[in-house]
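Protein chains in written order, with my numbering: chain A, 1 to 279; chain B, 1 to 288.
Honestly, the hints are just simulated from the structure, not real lab data.
Watch out, some of these pointers could steer you wrong.
[As the list claims (entries may be wrong)] Covered stretches of chain B, as calculated for chain A (at least 3 residues, CB under 8 Å):
#: 1; segment: 135-143
#: 2; segment: 254-262
[Stated by the list, open to error] A few chain B residues that don't get close to chain A, going by computed Cβ distances all over 12 Å:
#: 3; residue: G15
#: 4; residue: E31
#: 5; residue: A32
#: 6; residue: E34
#: 7; residue: G55
#: 8; residue: A78
#: 9; residue: L114
#: 10; residue: Q192
#: 11; residue: E213
#: 12; residue: R222
#: 13; residue: A225
#: 14; residue: R237
Note that CB positions come from ideal geometry on N, CA and C, so glycine has one too.
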Amino acid sequence: MHPFIVIENLQYVYPLESGEQIVALRDVNLSIERGEFVALIGPNGSGKSTLARHLNALLIPTGGTVWVDGLRTSDPHNVWAVRRKVGMVFQNPDNQLVATTVEEDVAFGPENMGVPAEEIRQRVDEALAIVGLEAYRQYPPQMLSGGQKQLVAIAGALATRPSCLVLDEPTSMLDPVGRRQVLNTIQRLNAEEGITILLITHSMSEAASAQRVLIMNAGTIVMDKPPAEVFAHGAKLQALGLSLPPIVDIAHRLRAEGLPLPPTVLTLQDLVKALCTSA
Amino acid sequence: MHIRVENLTHIYNQGTPLERTALHEVNLEIEAGERIGLVGPTGSGKSTLVQHLAGLLQPTTGRVLLAGTPIHSKGATARSLRLQVGLAFQYPEDQIFEQSVFREVAFGPRNLGLDETEVKARVHWALEMVGLDPARIGPRMPFTLSGGERRRVALASILAMRPRVLILDEPTAGQDPQGRRALWEKVGQWQQETGMTLIIVSHALEELARLVERVIALRAGRVVADGPTREVLSDARLLRDIGLDVPEPVALLQALRQAGKDVRTDRLLPAEAAAEIASAWGLRRAGA
Numbered sequence: 001m002h003p004f005i006v007i008e009n010l011q012y013v014y015p016l017e018s019g020e021q022i023v024a025l026r027d028v029n030l031s032i033e034r035g036e037f038v039a040l041i042g043p044n045g046s047g048k049s050t051l052a053r054h055l056n057a058l059l060i061p062t063g064g065t066v067w068v069d070g071l072r073t074s075d076p077h078n079v080w081a082v083r084r085k086v087g088m089v090f091q092n093p094d095n096q097l098v099a100t101t102v103e104e105d106v107a108f109g110p111e112n113m114g115v116p117a118e119e120i121r122q123r124v125d126e127a128l129a130i131v132g133l134e135a136y137r138q139y140p141p142q143m144l145s146g147g148q149k150q151l152v153a154i155a156g157a158l159a160t161r162p163s164c165l166v167l168d169e170p171t172s173m174l175d176p177v178g179r180r181q182v183l184n185t186i187q188r189l190n191a192e193e194g195i196t197i198l199l200i201t202h203s204m205s206e207a208a209s210a211q212r213v214l215i216m217n218a219g220t221i222v223m224d225k226p227p228a229e230v231f232a233h234g235a236k237l238q239a240l241g242l243s244l245p246p247i248v249d250i251a252h253r254l255r256a257e258g259l260p261l262p263p264t265v266l267t268l269q270d271l272v273k274a275l276c277t278s279a
Numbered sequence: 001m002h003i004r005v006e007n008l009t010h011i012y013n014q015g016t017p018l019e020r021t022a023l024h025e026v027n028l029e030i031e032a033g034e035r036i037g038l039v040g041p042t043g044s045g046k047s048t049l050v051q052h053l054a055g056l057l058q059p060t061t062g063r064v065l066l067a068g069t070p071i072h073s074k075g076a077t078a079r080s081l082r083l084q085v086g087l088a089f090q091y092p093e094d095q096i097f098e099q100s101v102f103r104e105v106a107f108g109p110r111n112l113g114l115d116e117t118e119v120k121a122r123v124h125w126a127l128e129m130v131g132l133d134p135a136r137i138g139p140r141m142p143f144t145l146s147g148g149e150r151r152r153v154a155l156a157s158i159l160a161m162r163p164r165v166l167i168l169d170e171p172t173a174g175q176d177p178q179g180r181r182a183l184w185e186k187v188g189q190w191q192q193e194t195g196m197t198l199i200i201v202s203h204a205l206e207e208l209a210r211l212v213e214r215v216i217a218l219r220a221g222r223v224v225a226d227g228p229t230r231e232v233l234s235d236a237r238l239l240r241d242i243g244l245d246v247p248e249p250v251a252l253l254q255a256l257r258q259a260g261k262d263v264r265t266d267r268l269l270p271a272e273a274a275a276e277i278a279s280a281w282g283l284r285r286a287g288a
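Excised from the complex, chain A in its bound form (with noise of 0.2 Å):
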C-alpha cells in the first residue's frame, strides 16, 4: 500500500506585488505512512506553514507533486475529499471559530458535510469530552480564554473524523494544563484511533514525544530522524536556531562534565533512572 502522504520536489513560490517572488518551499521530499505521529520543527519563516497548507489543499504546489492517500492535491476533482482526510488545526484559534456557541463550532464541519443530525449531535459530544470543554458547549466562543477556544478548535477537526490531523503550533497559547491535556489526546488519538499526525511545534519536549522529527530551514527538510537522533545533534540544532528540551540541555552538560549517561535519555524519567544507576 502507499504511504498516506507522498510529496515529490515540492516546490512553492508566491509574488509579491513589486514583481519579486519568494520561495517558501523548494525541494520538499517526504513520506509519511498510515499512523505515524510526526514532529515538524524549524525557526520562524522556515516555511512550516506553507508546508502544512500543501497537506489538504489549501496550497497547490507551483513545482513538485503532493499525494494525500494516492490522491494528487493538484487535481480540483480531488480537493474535497483531501479535506475529508486531513483536518487542520491553526496557531490563531480566534480565526477559525466561526459560530456563536461552542457546540454549533464544533458542529460546523460535520454539518456541512452533510452528517446526519442524530451523528452529529454524537460526535460532538464525544469531541467536547475528548477536549474537557463539556461545560461550556452553550458558551459563545469570544468568551472563552485563548487555551479553550484552541480547544474548541481541536474539537471541531475531530468532528470531522479525519484520519490525518495537521496541527499548526496547536499548544503554543496555552497554559500547562490545557498543553498537555492538548498532547495527551493527540497522542491518544494517534495511538488508540491510529490517527496520522503531523504536529508543528517550537516546545523541543513536544517533539520529543513524536515518532520521527522533521526540521525545515530556509524552505526544505533538513533532518528526519527519531528524536533521540536529532537530539544527539546539539550542535547542529543551535546552530539553526532550536534549542534542546531541558532534560536533554542537562544531560549533555552533565556529560561534559565526564558522567556517563546513555544517547537515549529524552524524559525526567529516563535522566532519574541514568542518574541514580551511575552513582
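Position chain B against the provided structure of chain A, taking the given hints into account.
Chain B alone, transformed into the frame defined by chain A:
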C-alpha cells in the same frame, strides 16, 4: 512609573447568565523599573488584569493608579499617562492593519505628532529590536509574513511608542528559540538602560527565570503568590496546585531528592541544575 491596583474587581457580563468574575479584589504595588512575571492558568484573569493596567477596561469596582493618578480620570494628565503604557496583546497579529510593515510600525509615532525623521528612526530601531531587517521587511505587506514574523511586527509597533511601562501578553508564543533569546536580550538591555517597567505574562517559566525578578501568580482572579522569582518558581506544590508546570530542572531535582539524593531544588535553569547535580555526584566542588 509607579502602578497601584486597589481592590480591583472585574465582572464580565454582569447580570446575565454568562456572568463571570475575572478579577476579585486584587491589590498590587508595582514600583518603577520592576521586571515582573505574571503567571496563572487559562482563565485566571491575567489578560484582564493587564488590560486594566493599560486602561482598556473599566473596573467593576476598585481602581488603577498610574503615578498616583487614577487611570480613568478625565483630562490631559491621565491621557498622557495612559499613552505611556504599551500593551502587546496575546494575539498581536490581530492589531495589524496597515499596508506595509513600515507604515504599521510608524502608525503610533505619527499619531504622537513626531516629525518624519524621528518616526523613521523609531521604526528602524523598533524593527531591529525585534530582529527584523528594516530594509528587507519594511516594504513587505504584513500578510506575506509568517505568523511568528507578524507577531514581531506587532511588538515593534508597541516598542516604537517608547512606553515607560511595557506589558507583553505571551510575547514569545510561536517564536523560535533563537528569536526568543534575541528578543529577550534586547528588551532586557533596553529595560536596564531606560528603567522602564516590564510586565510579562507567560507560561514559559524558564524565560521568566532568566528575565524577571518578581513573579505574581493568579488563580481564579486572585493573587495567590507574589515574591522573588526563584522562590515562587521553585515552589512545586504551589505551581502544581494552581495548575502550572514545575520548571523541568526543578522537577528533576525534586525527583532526585525523593530518590534520596542530597540536592537543592531551587535551581530553575538547565545550567544551574546540571551544576547542582555535578557537585552532588562529586564531579566538581559545590559552587564551582
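Each hint tested on the structure:
no.: 1; hint: 135-143; verdict: holds (count 3)
no.: 2; hint: 254-262; verdict: holds (count 4)
no.: 3; hint: G15; verdict: holds (15 Å)
no.: 4; hint: E31; verdict: holds (28 Å)
no.: 5; hint: A32; verdict: holds (30 Å)
no.: 6; hint: E34; verdict: holds (24 Å)
no.: 7; hint: G55; verdict: holds (21 Å)
no.: 8; hint: A78; verdict: holds (29 Å)
no.: 9; hint: L114; verdict: holds (28 Å)
no.: 10; hint: Q192; verdict: holds (24 Å)
no.: 11; hint: E213; verdict: holds (21 Å)
no.: 12; hint: R222; verdict: holds (16 Å)
no.: 13; hint: A225; verdict: holds (16 Å)
no.: 14; hint: R237; verdict: holds (15 Å)
Against the hints set out earlier in the document, no violation occurs for any number.
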